[in-house]
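Based on the sequences and whatever the hints tell you, model everything.
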Amino acid sequence: MDNQGFKGSSTYVLDEELAKIVNISMALEMPLLLKGEPGTGKTMLAHAVSETLGMDLIVLNVKSSMKLVEALYQYDTLTRLNDSRFGDSARDVATIGDYIKMGKIGQAFTAEQRCVLLIDEIDKADSDFQDDMLDVLDQMQFDIIETDEVISARTRPVIIITSNAKKDLSDPFLGRCNFHHIAFPEPAMMRQIVAAHFPDISDTLATGAIDLFYEMRSIEAIEKKPATRELINWLRALQADPDFRGGELLSREIPYLGVLFKKSDDYRKSLDFVHQKGRFRN
Amino acid sequence: MFVSFFYKLKQAGIPVSPTSFLTLHRAVDRGLVNSVDDFYVAARTVLVKSEKYFDRYDQVFSHQFHGTELPKQQDEELDFWAQAMLDEWLKNPKQAAAAMGIDEKDLQEMSIGELLDYFKERLRKQKGRHDGGSKWIGTGGTSPVGHSGYHPGGMRVGGQSRNKSAVQVAAERRYRAYGTDRPLTSDTIGEALKRLRNMVPRGAKDRLNIEESIYQTMKNGGEIEIVFDRAIVDRLKVILAIDNGGWSMDPYVALVQTLFSYAQAQFKDVRTYYFHNTIYDTLWEDPARYKKPVALNSLVHCDPDTRLIIVGDASMAPYELMVPDGSIYAFERSGSPSIERLRFLSELFSHSVWLNPVPDSHWRYTRTIGMINEIFSMFPLSLDGLEQAVKHLMRKYP
Chain A
1 MDNQGFKGSS TYVLDEELAK IVNISMALEM PLLLKGEPGT GKTMLAHAVS ETLGMDLIVL
61 NVKSSMKLVE ALYQYDTLTR LNDSRFGDSA RDVATIGDYI KMGKIGQAFT AEQRCVLLID
121 EIDKADSDFQ DDMLDVLDQM QFDIIETDEV ISARTRPVII ITSNAKKDLS DPFLGRCNFH
181 HIAFPEPAMM RQIVAAHFPD ISDTLATGAI DLFYEMRSIE AIEKKPATRE LINWLRALQA
241 DPDFRGGELL SREIPYLGVL FKKSDDYRKS LDFVHQKGRF RN
Chain B
283 MFVSFFYKLK QAGIPVSPTS FLTLHRAVDR GLVNSVDDFY VAARTVLVKS EKYFDRYDQV
343 FSHQFHGTEL PKQQDEELDF WAQAMLDEWL KNPKQAAAAM GIDEKDLQEM SIGELLDYFK
403 ERLRKQKGRH DGGSKWIGTG GTSPVGHSGY HPGGMRVGGQ SRNKSAVQVA AERRYRAYGT
463 DRPLTSDTIG EALKRLRNMV PRGAKDRLNI EESIYQTMKN GGEIEIVFDR AIVDRLKVIL
523 AIDNGGWSMD PYVALVQTLF SYAQAQFKDV RTYYFHNTIY DTLWEDPARY KKPVALNSLV
583 HCDPDTRLII VGDASMAPYE LMVPDGSIYA FERSGSPSIE RLRFLSELFS HSVWLNPVPD
643 SHWRYTRTIG MINEIFSMFP LSLDGLEQAV KHLMRKYP
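Note that the protein sequences, when read in sequence, are chains A and B.
Position one of the first sequence corresponds to residue 1 (the working numbering), numbered consecutively onward.
Position one of the second sequence corresponds to residue 283 (the working numbering), numbered consecutively onward.
Treat each hint with caution, since some may be false.
[Unchecked claim] Per label pair, the in silico range of CB-to-CB distance:
no. : chain 1 : residue 1 : chain 2 : residue 2 : range
1   : A       : Ser127    : B       : Ala294    : 26 to 32 Å
2   : A       : Pro199    : B       : Arg312    : 33 to 39 Å
3   : B       : Val318    : A       : Ala196    : 26 to 32 Å
[What the hints assert, rightly or not] Under the rule of at most 25 Å between Cα atoms (straight-line distance), these lysine-lysine pairs were calculated in the PhoX-like manner:
no. : chain 1 : residue 1 : chain 2 : residue 2
4   : B       : Lys550    : A       : Lys63
5   : B       : Lys550    : A       : Lys262
6   : B       : Lys476    : A       : Lys269
7   : B       : Lys334    : A       : Lys224
8   : B       : Lys476    : A       : Lys63
9   : B       : Lys501    : A       : Lys63
10  : B       : Lys673    : A       : Lys124
FYI, nobody ran anything at the bench for these hints, they're computed from the structure.
Remember, predicted model here, so these are calculated numbers, not experimental data.
Idealized CB from N, CA, C, for every residue including glycine.
The following block contains the structure:
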């Protein structure tokens, strides 16, 4: 266990609370389950951890129809069938082991050095997937049925699991994880995040845009509130436009709303909001 | 160590497990926890597994380490409910002043916190019947007003607080809006919509997927593997009946409408009707309940598979429900009591629910809620309630 703590990285602004949580989970060698609105940087956190601690990052993107075995290893029967017919490969058809490929979890277990394993959006899969994964993460080992081989982790990877809360996770699963909910950042924090992404942005533009962003986030009853990702993209668009780069014009006109609001109803509501703001000014 | 804290969390209804408590001790033993701040974070991340309990954790924490009073859960709900109505009310201060019996000038000088306390006090004391039906709810006891955590400028949740001690942070109660047993607000509408998305019928698994079957058979080394898909079924039809009479419903009418207008695409047809307090022979297509009456009997032409969702506080004078000519509107009096008409509706639509913005812990204080609950399956208009209601509506055999 290295004593190097995690303190944030160049493009990821970390609040103190989360830093503590990451460090505790790493020390306890328990998976850390992160929940939160989309765009609060759940996935980014794993990237930042791997970057700062100099570990490799292995990402398992969970899909709805995924079976756990796919994440552990794959037995490539088709190639084996093919080889047995044509026999023109270096693999030995008689050795099943030659046709076993490690999945993402398998890769993390067999890695030479401690790595970061990100299991992204676990709630997409059904509860069987989560339950099956429990044992694997608990024991840090799994069997390859075809070869009757046990793969156990050489080093316990740092495991970060994210969930968008589409479905509730099962209690036994939660019991084996540490939990944190990432709240949406406050404006002051957002300013720092923006600064991390655009080191040379004009202050007028950044402050003006962030203020407007939070104002528009609080429009009544919008379905999909714009998140950090949308703000960053919006700022990118504003910066690319020579008229808005300075930021002064933003107080008179609000362009590129489509970058922030992606549902047509929300977009319409944001237009109403802009109109209303315009009326105040005149 | 911290055993009493552990049990207080458990008492407060947070599902904490002994295993995780031991894990917490492991963290303490390893020297990972060096201050109260560390403990606040470590205990929460290890013990509490859902953000919906964060608020309660904050309360217990500040109670344990700072001696703040633990608000009673019921008071809490009253808090929330009162606040929602008050917000709506304050759009028209004159009416609010008159209703609460305060001078408008005094009203302006009161802070929202004071107003809320006063308002709750009124709610508690109100024993008689308000004109036009018993719109006041009864309350559980006479416990003193718990501290009200009003956040100016609407709800603010989460966020970070630097340079503050854990006790202060906990007392801020940043996670208040994450509770899923609270009445719906426009902040939680996105979450509510996610619950509603489950209202999709699933066909039988009886369509052969040839491509996939061939692939799986090959993968199986030639052993036949047959893969079936679900049949495609038509989207659902929904009838939404909203009680839009009376101020107790005001905060929720627009909310429910917004919710279903967002969800419109997933349904084949959403029809919205209005009523006041309870349903007699007509529902109304216009919110003013004046221009476009729809005879209740005409609903027999609807597809019986239509899902009927009624939203109302179900709180009224018992005679409005039970007496043949109970309606407070003369022209609605037809001879059969409302309760019969409700029964008729529930027999007509085998999939139906009643959503009630009144928190379910208060239901037993209002007689009519109990009576209607016997006819319709009633769920509170909260995220949890909505989830259960959707489950109920999607049952295969009602």
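Here is how each hint holds up against the structure:
1. The supplied range of 26 to 32 Å is met by A/Ser127 and B/Ala294, whose beta-carbon atoms lie about 27 Å from each other.
2. With their beta carbons about 38 Å apart, A/Pro199 and B/Arg312 fall inside the hinted range of 33 to 39 Å.
3. In this structure, B/Val318 and A/Ala196 meet the distance hint of 26 to 32 Å, their C-beta atoms being roughly 30 Å apart.
4. For the hint pairing B/Lys550 with A/Lys63, the CA-to-CA distance comes to about 28 Å; that exceeds 25 Å, so the pair is violated.
5. About 23 Å separates the Cα atoms of B/Lys550 and A/Lys262, which keeps this hinted pair within 25 Å; it holds.
6. For the suggested pair B/Lys476 and A/Lys269, the alpha carbons sit about 20 Å apart, so the restraint of at most 25 Å is met.
7. Restraint check for B/Lys334 and A/Lys224: the C-alpha separation of about 20 Å stays at or below 25 Å, so the hint holds.
8. Of the pairs offered as hints, the one joining B/Lys476 and A/Lys63 holds, with about 18 Å between alpha carbons and a cut-off of 25 Å not exceeded.
9. For the hint pairing B/Lys501 with A/Lys63, the CA-to-CA distance comes to about 20 Å; that is within 25 Å, so the pair holds.
10. Of the pairs offered as hints, the one joining B/Lys673 and A/Lys124 holds, with about 19 Å between alpha carbons and a cut-off of 25 Å not exceeded.
Hint 4 from the earlier list is the only one contradicted by this structure; the remaining hints agree with it.
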